[in-house]
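**Q** One-letter residues, chain by chain:
Number of protein chains: 2
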Amino acid sequence: MAHKWVYLFTEVNDAEKRMGSWDGVRSLLGGKGAGVADMTRAGLPVPPGFTITTEACNEYYANGKQFPEGMWDQVLAALKDVEQRTGKKFGDPTNPLLVSVRSGAKFSMPGMMDTVLNLGLNAQTKQGIARLTNNPRFAADAYRRFVQLFGKIVLGVAGDKFEHVMDEYKEKGGQHRQDTDLSSEELDQISERFKQIIKQDAGIEFPEDPYDQLKMAIGAVFGSWMGRRAIDYRRVNKIADNLGTAVNVQTMVFGNMGNDSATGVAFTRNPATGENILYGEYLTNAQGEDVVAGVRTPKGLDDLAQEMPAAYQEFKTYAERLEKYYKDIQDLEFTVERGKLYMLQTRTGKRTGRAAVKIAVDHVHEGLISKRDAVLRVEPAALDQLLHPSIDPKAKLSVLTTGLPASPGAASGQVVFDPDDAVNWARDGHKVILVRTETAPEDFHGMEVSQAFLTARGGMTSHAAVVARGMGKPCVAGAGEIRVDYKNKQFSANGTTVKEGEWISVDGSTGQVILGQAPLVDASMSGDFGEFMQWVDEFRTMGVRANADTPRDARVARQFGAEGIGLCRTEHMFFGGDRIDSVRQMILSGLDYKRLERELNGAQAAKDEARIAEITRQIEEPKRLYLGALDKLAGMQTEDFVGIFKEMDGYPVIIRTIDPPLHEFLPHEEAEQRDLAQKMGITLEKVQATIEQLHEFNPMLGFRGCRLGIIYPEITEMQARAIFTAAADCLKQGIKVIPEVMIPLVGDLNELTDQASKVRATAEKIKAESGQNFEYMVGTMIELPRAALLADEIAREAEFFSYGTNDLTQTTMGMSRDDAGRFLPLYVERKILKDDPFQVLDQKGVGKLLEMGVQLGRQTRPELEVGICGEHGGEPESVKFCYRTGLNYVSCSPYRVPIARLAAAQAALGDKTRDK
Amino acid sequence: MAHKWVYLFTEVNDAEKRMGSWDGVRSLLGGKGAGVADMTRAGLPVPPGFTITTEACNEYYANGKQFPEGMWDQVLAALKDVEQRTGKKFGDPTNPLLVSVRSGAKFSMPGMMDTVLNLGLNAQTKQGIARLTNNPRFAADAYRRFVQLFGKIVLGVAGDKFEHVMDEYKEKGGQHRQDTDLSSEELDQISERFKQIIKQDAGIEFPEDPYDQLKMAIGAVFGSWMGRRAIDYRRVNKIADNLGTAVNVQTMVFGNMGNDSATGVAFTRNPATGENILYGEYLTNAQGEDVVAGVRTPKGLDDLAQEMPAAYQEFKTYAERLEKYYKDIQDLEFTVERGKLYMLQTRTGKRTGRAAVKIAVDHVHEGLISKRDAVLRVEPAALDQLLHPSIDPKAKLSVLTTGLPASPGAASGQVVFDPDDAVNWARDGHKVILVRTETAPEDFHGMEVSQAFLTARGGMTSHAAVVARGMGKPCVAGAGEIRVDYKNKQFSANGTTVKEGEWISVDGSTGQVILGQAPLVDASMSGDFGEFMQWVDEFRTMGVRANADTPRDARVARQFGAEGIGLCRTEHMFFGGDRIDSVRQMILSGLDYKRLERELNGAQAAKDEARIAEITRQIEEPKRLYLGALDKLAGMQTEDFVGIFKEMDGYPVIIRTIDPPLHEFLPHEEAEQRDLAQKMGITLEKVQATIEQLHEFNPMLGFRGCRLGIIYPEITEMQARAIFTAAADCLKQGIKVIPEVMIPLVGDLNELTDQASKVRATAEKIKAESGQNFEYMVGTMIELPRAALLADEIAREAEFFSYGTNDLTQTTMGMSRDDAGRFLPLYVERKILKDDPFQVLDQKGVGKLLEMGVQLGRQTRPELEVGICGEHGGEPESVKFCYRTGLNYVSCSPYRVPIARLAAAQAALGDKTRDK
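So the sequences go chain by chain: A and Y. Just so you know, the working numbering puts 23 at position 40 of the first sequence, and the rest follows in order with no gaps. Just so you know, the working numbering puts 799 at position 816 of the second sequence, and the rest follows in order with no gaps.
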């Protein structure tokens, strides 16, 4: 027997038998085809039709864009079946069968071919319809719609050319008419004009033979699968290219046969809020595309209950039945033709994160699904919108410009341009939004007090974006249309100027910059969401910690359910208040001190007494300044750690020793350099010479991480002192502290041994001094390929590993996150890489090192604690990979903790990367 | 029985039996101890003595610096044996036994403890010696020497303090006396002064008990094993710390007993040239340290033949016997005491590379060793000095300053400061040396015509150094004392000013900068060296290619025996002549072109006809300029490739497509930027904006390698066109061409597939156009960890791999070669890393990726050709590692090809990393 390319709606059982599962049927017939077939099987009123399979589509491409052998014959046979069921005949002027042709992939996909309605119409069958309905205007309008849709969708003629003609007729003689006001004759004239446009643009006569029409429409559906928009959509939504689309050919029913006819769409619950009401809209005397095109304003379903109570009741019954049957919210299409209801589509409804949670919780309470189902049903990423304030969806907004949605959430505030101004305004009780061309580390104090940031330059991984996500503040970055004028304290975009102190709102989830104070809706972990997250934790087995640098971050992290801190970046504390002065003192005097120390060693080796005396004299001052600055910092860091330990009472806190290159702490601009020179009592030249001396070609691969601590052991010791002093203090107060000290950028066991020995010696000293016997661990970040490759050696010293997948991605792929903007977007667009590896963990390459590291590390130390603290720790697919790799925990920004918890729970429930 | 810590010289058979091999004996007794014991066994006149083993030394450290149990008793017993053999008694005033105490590790090691002579002397035994020799002055001098040496070497008192006293006596009353002129009384006074100094400085009375003296001397020898200089030496020479040193205690004989006594050192052949003559020097009436200290000028051995013919003849006989016995050049020490010859040392002689080759060749011709032995005997790195011109070792030089020895060889030339001046001077027939503060890519044309480079800044891996090594030109980099004054065209150092046109010489092997024209000795591959390299190739199985970018490089590479080119960096050709103008045109117009191309795609997708027309118009000019520049470059590159293919007739040539980030081709200085703007007919602002736009934070990880070719496919196509056009041309001329096109910085199969398809399409096109059916391959560099990890996938497309270990080291270790200067030297010094990984391949980490890549790649494609083209390809230990890993070839700078050939031959002969 020939391969079966075509399934009648009534042959759904055959399809299910062949594919072995309902998911298989959906793969074969597409979501839409499976839905109508399933409704047919359930006895719902579905206009007869058939589906050409996704296999046929794939074969079409394999075949050099030819229909597979036998397919067309099967289409003709199926058409015969439909003719018998309807008593109509395709192309027969006496009683013509008209059909709709729709694409239908497994996953609903905008960008695929739209529906072609009324296919089968031509000069003859139009007359037949006119006769049969006794309504020539209806026939003329149906034909006009068909020619227009076919021309635009199948033949690719620009839609506005048709609209111009329509407008011309509507405006004829200065009138302002609706499309329903056009006469039958006018509509016929319009159809003729359309055909001329088609001939001119597409270079062919409009096909009058209904079979030609069908053939072309099917080809167009197949073709739309590889259209640019469809490919883009699949790329963004990670849907495989080889799924193919099905084609649904279905008997037309008419919602435009008069005022007893209608067409509409509905969701079984509110897809925005999750509220349990039948939610939708419809148009009387209209066809489906009118609802979408917004030709007239549709009415709510409540009106349908009034207008056509029988149809409405019947539809409501079906809606409830379908939701119960599929155990999920359904997205329905229906048409009422002269009072009779037809069901045209059922599919799982898309919903917001907020609705997803509410519906899942309600479904559990209604006994429809289990908690397990509920947990598996919500997309982790969709939770994001529940975790930040958002702009009230009902509000009318005055959007000034749109930049990159760099850090989610929305906020309103008064505009400031300078970090110091931000501090002053905030001290006076103002809510401020910091607007900069771009931000730098020295703006940190201003960022800390701002509600949100807006920058003119920089991408999703710019300084502003990264800091914002870390702080959980909204950020719109790279808003290229704005021009910041620091001198006059104002910015402008698209002709509008905003001055310091004026209110704006930014939506970091959409990138919108809005004039004035937009109304906000708050985030909350209570209610349905709280209940849902409880279920999540019932299934979750892997730990979830947060990356948090301050007591405030730590508190937020706990509120979002973090079970500890996976990464506390001590150097982020270096920017707060006037600490940066001490840091800079430490750097400037430290350089002198180390240089002289080396000279002293040389002189001692040479037993050059005179030189020894000379250097010993010279070294005194830099040593005093260096150690003095360190002492100050130790005191301040101790306070920070006490704050964090208190918030994390009973939970582990991983603290990383200093990581960034020292030049990051020095000022870039001459004014600030001059200021620094004055503060330190040295010359501007000396400051600039130091900055010059510290300059690096590739700072990412430079003098940073443990390399700093090895050359400046006093810094590591200072930090260890602060950590353990805080631990002892807290323990004294009855707080349970679990400090884990993490050494960054280790590539060799010897590096870790050097640093760990200093940390351990300091810990023992403080234990002895304080009499407090705190527990602690020393471990390392695995963020260099060499560390993963030699994890067995490194685990001899490391009590825990934490994967720094940001840097590990950069080094493994040889790709600087700051510089990849010139090629990475194109790489993803052209599918050279499936995803941006800085957003979704590169499981194949970087992941292989992760697996090696875990395996080698546990070989040496079976109880080794392994986690991840790169930004991937909050990305659902990456979290699931971490679970499969056997990690003990993931750590992410506090605001992504619930997302990671959900992803971890789904992973524990065996959820694989989704088959898209 | 107690462990044996002490071996009499006569017990060498016991030692050999216990250790199982002569190498074992050398490990146990040290080189010196094994030598004297061996000579004793052979019946040569060796003063009796014994050796304390290296095991005792290691045990001493394991024991907290205590002699191991039983050792001291064994020393006393051995001393008894020596007393019996000599008839003298240790500490006996009537007939005192005096001994020397020397350190002696397995490998000869400067920085270890020097010899202590005359140990056993004190007030009493001094009298005994005076009586016995009837020479009170001799006794007094011996005592003075002993106190001085013991004080300095065992007790650590600064040597100049003793010298001051000696000088004081020599100059007494305005005289200028030799040490031999001092009277017995004066010497006694001096000894007393010495003892006071010792008491003051070391805080102890000078030990009068000979047993205390011996105990302290042995402890000092052990202690010197962990002295700073010894540790440094071991680090530099890669000798393990756990070998330990032996201590040799030997009966004193006296070369200073009058004019019938002498002491000297000799080599069995000339260690500088390899010439087969007994080569050495001696002093009459002197002790060993006088020869070393240069107190008097020693005489050549010819004089000894005249002065003491019997002793000379006997010594000559022993020397020949020892060389035949050890089958290698020997380094001997001897003393003549009252006419009687004593042999004090025999060990393998250190020699220059030149001598090593000559001696090995002569030994083979003499039938002493096999070719295999000869090949294994020469250190590959030692060949370096044969491969470059060098300064005549006999010349008197006026050294101005010393910088880093950045690229070996020596050259003389007239100083120029500007690359354009270099070109002009060279065109007029002058030999020039380019002196710059530092060099940049845009200086390339000036570097090309210079004999050598001298820079004030930059390290061993600075631009000047890397280019110089690639070109095989001498370079002294980072000569920090020189100040370059471009304005006045002069430089100065240490008060001397050198003006443009004045002659200097630089020695890139030592870092010396010399005023005037130093006489040079040329390199040559003929004679002994040529013969030796023939033998090398008889044993070698792995291929050796060269990294060569120009026909000139290729010719040198062939002369040095390269079997193809492993890396031709096409972009190096971009700097020659006025090509850089075309390159810059390509970059500037290419940026506009690509931006507009993207906009055009967008407009086409949106079917925005007006915008399409507008952009199509705008794009015309940049497109014309971009493609025009590419065409020009294609023409020029074709010529280059023809030149290279001709030189490499019959050998493969791997050509890498463009690799560096585009900003490297743009000028840094405003004057040049202005110049460029004028040439291109654009504004300076546009040039600067482009440079700003191309700026990268981490260029090493930025927009470079295949990423360029993917975004600018026209560049890849241009380069492929040039390569294959050249191949077709050559084939037409009967030249055998084997082009292999290499895509750099690949991290994913898709990248390679993209680029390979363009290269292959171009090849097929040119085959068709030219009618020439050349063979070619397409492969990739493996220089990112991800590429090695996914080598099985990448080998689906790649026909060959070439490891770019420079970048692979940078990414695997997360270490920028340009920035590592701040910590890497300290890492090596403190043994955190064993070697600088940019010099010696990191076998453990980077090597693991190498092994994985080879194994995975050959899994997919068993015939996969794998080589290495990083600078490690010319480093002997790395070459041996490559052999063991199964690589098909190594590729290195032309000037290191013979070194690589030798290392590869030694690897094939099973030579492991040397046991040091």
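Check the hints yourself; a few may be wrong.
One copy or any two copies: either way a pair holds, since identical chains are not told apart in the list.
With a straight-line cut-off of 20 Å between C-alpha atoms, the simulated DMTMM-like cross-links for lysine to aspartate or glutamate are [as the list claims (entries may be wrong)]: (1) Lys144 x Asp591; (2) Lys379 x Glu675; (3) Lys814 x Glu580; (4) Lys144 x Glu592; (5) Lys377 x Glu320; (6) Lys590 x Asp215; (7) Lys577 x Glu812; (8) Lys817 x Glu776; (9) Lys135 x Asp162; (10) Lys814 x Glu776.
Honestly, the hints are just simulated from the structure, not real lab data.
**Q** When the structure is checked against the list of hints, which entries are broken? Sort them ascending.
**A** Hints 2 and 5 contradicted; others consistent.
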